[in-house]
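Generate coordinates for the entire structure from the input sequences, incorporating the hints supplied.
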Amino acid sequence: MTTTLAGRRSAGPTEALPAPLHTRRSRFGWLAYLVLIFFALIYIYPFLIQIGTSFKTEPDATGSPLNPIPGTWTLEAFRQLGQADFPRWFFNSVFVTFFVTIGRVFLDSLAGYALARLHFRGRTAISGALIAVMAVPGVVLLIPKYLVLVQLHMYNTYWALIVPLLSDAAGVFIMRQFFVNIPVEVEEAARIDGASIFKTFWSVVLPMARPAVITLTILSFQASWNELPHYIVAAQDPKLNTLTKGVATLASGSLGSGNQFPLKMAAALLMTIPVAVVFFVFQRYFVRGAGAGAVKG
Amino acid sequence: MTTFSGQPGLEQTLGQAASLDAPARPPRRGRSKGPGIRGREGAAGWLFVTPTIVIIGLFLLLPVFAALWVSLSDWTGKGSPLGAHFVGMDNYDALLGKSGLAQRNLATSLRNNLYYVILVVPLQTILALGLALVLNRRRLRGKGFFRTAFYFPSVTSSVAIAIVFLFLFNASGVVNAVLQWFGVRGPNWFADPRGVLQLLLGALGVDTDNPPSWLSAHRFLGLSWWQWLSGPSIAMCAIIVLAVWTTGGTFMLMFLAALQDIPADIEEAAAVDGASGWQTFRKVILPQLKPTLYLVVTLGLIGTWQVFDAIYIMSQGQPSNTTLTPAFLSYRTSFTDGKWGQGAAIAFILFAIIVVFSLIQRFVMRERKTLPRRRRFASWEGK
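Line by line, the protein sequences give chains A and B. Numbered per UniProt numbering, the first sequence spans residues 1 to 297. Numbered per UniProt numbering, the second sequence spans residues 1 to 383.
Note that these hints are calculated values from the structure, not bench results. Treat the hints with care, as some may be off.
[What the hints assert, rightly or not] SDA-like, lysine to any residue: derived pairs with alpha carbons at most 20 Å apart:
(1) A:K199 <-> B:K143
(2) B:K283 <-> B:N136
(3) A:K239 <-> A:G29
(4) B:K143 <-> A:F280
(5) B:K143 <-> A:Y285
(6) B:K283 <-> B:K143
(7) B:K143 <-> A:G29
[As the list claims (entries may be wrong)] If you only want the chain A side, here are some residues facing chain B, beta carbon under 7 Å, derived:
(8) A40
(9) I44
(10) P46
(11) V94
(12) F98
(13) A111
(14) L142
(15) K145
(16) L147
(17) L166
(18) S167
(19) V277
(20) F279
Think of the CB as a built atom: it goes at the ideal place given N, C-alpha and C, for glycine as much as any other residue.
This is the structure:
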């Protein structure tokens with residue numbers, strides 16, 4: 001995206017432009033940086049404070065909130081977290097996220113491929129129904145989801161945390177959109193060679209869709225790692241708390257006395273790290289995912 | 001997939017939904033293939049979509065109907081909802097018709113959320129557009145760095161961010177320390193139920209303890225006009241800041257993508273013709289951004305009416321119900337108070353509100369489109 005832009009832009013006859021334009025650009029140049037640096041500070045400083053405070057003692061955290069560098073470094077907050085239920089929450093989050101991500105990528109790809117390529121009766125109706133379903137606001141489903149989970153005897157189990165998240169309409173459409181744009185000839189060659197439909201999908205089409213699969217993997221990982229409302233209504237057993245739900249209970253201060261700010265910041269920091277790592281490694285896929293809407297709009 | 005405030009996912013949803021208009025049908029296969037292959041394809045097609053249909057049917061479609069039934073019943077959360085008694089529109093009547101606690105709570109939550117929407121949607125749109133415009137300048141150093149910095153909050157967990165903001169807005173926290181530099185004594189954010197609009201009116205000389213009788217005498221949905229006019233509470237303002245800060249980055253990326261699709265020559269042509277920076281933006285750039293603007297406002301409206309995470313983590317509707325929102329009220333009414341029928345009814349009322357707002361927004365933004373984009377551009381060129 002950026003490269004094409006740079007190419008296009010630099011192709012313009014910059015030298016030939018009239019003088020006023022140049023002066024205007026440079027006049028506003030430093031202002032642009034000033035604005036950007038100001039906002040970057042607003043966006044980055046909270047994270048610096050989060051990191052710093054998690055290594056502080058409690059009096060230090062309340063005493064000098066603005067200074068991200070601890071007066072005395074301590075790992076007390078992390079030690080306390082280790083003794084509390086935090087490791088269990090972390091494990092639950094990893095466990096749930098792992099299965100949700102695998103399930104989503106596989107099932108969304110399957111359905112996306114069927115909707116893009118396979119001719120079957122009712123295909124248009126299914127596409128339409130999926131879009132209609134996406135329009136239902138998630139909050140409206142909060143209570144009813146609980147009702148269904150109870151009726152299915154899944155409430156308060158790992159199944160309840162995982163199964164409802166295993167497929168999502170948006171992911172199906174991301175994959176469908178990608179498969180539509182892959183040339184048909186490759187598949188036809190595979191089919192003529194006698195490969196079954198699933199085999200064609202699995203070993204010919206899916207490898208070609210690698211960028212889409214990576215994008216979907218990352219989006220699914222991030223969505224299930226950060227999910228909160230679904231976990232709230234799917235279980236009440238503290239043993240099934242994921243990070244989001246567990247740390248949310250920390251926010252209301254259930255652990256001991258005092259503000260516990262270093263402890264809370266440490267918890268927030270630890271739950272942010274996995275997403276942050278994935279984000280910095282696969283940044284361009286995130287950007288693609290978020291931009292998908294706007295480009296099409 | 002989370003569809004709550006500020007998390008990416010929703011934009012995907014809508015963006016992909018819009019893209020269904022794009023040519024979807026693959027080129028037709030050769031006609032020589034017999035019906036056997038078609039049949040096999042049909043079976044495989046159904047097999048491939050079945051897991052998704054089952055999951056979405058069970059956990060999306062069925063719940064909607066289940067909730068519709070519960071909202072018309074007196075289910076108390078024990079036993080099967082099917083065994084509950086049908087009570088007709090009683091739950092809706094208690095919320096909208098009869099005066100009482102249920103009605104007052106719903107009205108309060110609607111008021112709070114309305115102020116939240118009115119402030120968050122324009123602010124986040126302006127912030128996102130502004131950042132995108134500055135970032136889109138050519139020959140900008142550190143473009144990637146700034147983009148990452150602004151987008152990062154959107155990918156992190158709402159829980160982690162909410163906790164950090166609880167610390168920042170704590171009475172002796174960072175925000176108040178910064179306000180101290182300017183000689184302002186910051187409020188005790190999350191414990192302060194005072195309405196900002198009422199504070200403003202108070203500063204203008206209105207007696208807030210004895211509000212004008214024409215405001216306190218009239219009531220709508222159990223709240224006096226004066227209560228409706230409270231404005232967002234100070235506690236809600238902190239949550240508003242959080243929402244704008246978090247979602248700004250996602251929408252900035254959308255604007256940035258749209259800006260990069262505008263050919264540089266158009267801007268250059270405008271500049272050569274002597275258009276000022278503002279003119280170029282207003283008459284050349286902005287019309288091109290219309291579809292994105294439409295998308296961003298739509299997503300903003302849908303997201304802000306559903307705010308739940310931040311409320312659940314930060315305030316649980318407190319202080320004095322001034323951060324109560326319909327989404328959280330629906331949850332609280334069902335899970336804490338055990339009034340499942342009423343909770344489900346609130347969810348449907350919220351659903352209706354989101355639909356109505358989307359329709360209004362669609363109408364308003366389509367209306368302005370009546371002048372074709374091309375002619376606009378031409379008329380500017382003619383000047």
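Results for each hint:
1. Using a Cα cut-off of 20 Å, the hinted pair K199 (chain A) and K143 (chain B) is violated, with the two alpha carbons roughly 44 Å apart.
2. Proximity of K283 (chain B) to N136 (chain B) is assessed by CA-CA distance (about 17 Å); at most 20 Å being required, the pair is judged to hold.
3. A C-alpha spacing of about 55 Å is found between K239 (chain A) and G29 (chain A), which places the hinted pair above 20 Å, so the restraint is violated.
4. As the CA atoms of K143 (chain B) and F280 (chain A) are separated by approximately 15 Å, the hinted pair is consistent with the 20 Å bound.
5. Our distance criterion of 20 Å between C-alpha atoms is met by K143 (chain B) and Y285 (chain A), whose separation comes to about 17 Å.
6. As the CA atoms of K283 (chain B) and K143 (chain B) are separated by approximately 26 Å, the hinted pair breaks the 20 Å bound.
7. As the CA atoms of K143 (chain B) and G29 (chain A) are separated by approximately 13 Å, the hinted pair is consistent with the 20 Å bound.
8. Restraint check, A40 (chain A) versus chain B: the minimum CB separation of about 5 Å is within 7 Å; hint holds.
9. Given the 7 Å rule on beta carbons, the hint for I44 (chain A) holds: about 5 Å separates it from the nearest Cβ of chain B.
10. The beta carbon of P46 (chain A) is positioned within 7 Å of a beta carbon in chain B (closest approach about 5 Å), and the interface hint is therefore held.
11. For V94 (chain A), the interface hint is violated, the least distance from its beta-carbon to any beta-carbon of chain B being 14 Å, above 7 Å.
12. Taking 7 Å as the C-beta contact cut-off toward chain B, the hint placing F98 (chain A) at the interface is violated, the least distance being around 17 Å.
13. Because the smallest distance between the Cβ of A111 (chain A) and any Cβ of chain B comes to about 4 Å, under 7 Å, the interface hint for this residue holds.
14. Of the supplied interface hints, the one on L142 (chain A) holds, with its beta-carbon coming within about 6 Å of a beta-carbon of chain B, less than 7 Å.
15. Because the beta carbon of K145 (chain A) sits about 5 Å from the nearest beta carbon in chain B, less than 7 Å, this interface hint is met.
16. A hinted interface residue such as L147 (chain A) counts as satisfied when its beta carbon comes closer than 7 Å to some beta carbon of chain B; here the least separation is about 5 Å, so the hint holds.
17. Residue-level restraint check for L166 (chain A) holds (minimum Cβ-Cβ distance to chain B is 5 Å; threshold 7 Å).
18. For S167 (chain A), the interface hint holds, the least distance from its beta-carbon to any beta-carbon of chain B being 4 Å, beneath 7 Å.
19. With a cut of 7 Å, the hint placing V277 (chain A) at the interface with chain B is violated, because the nearest CB-to-CB distance is about 11 Å.
20. Because the beta carbon of F279 (chain A) sits about 5 Å from the nearest beta carbon in chain B, less than 7 Å, this interface hint is met.
Violated hints for the displayed structure, listed by number in ascending order: 1, 3, 6, 11, 12 and 19.
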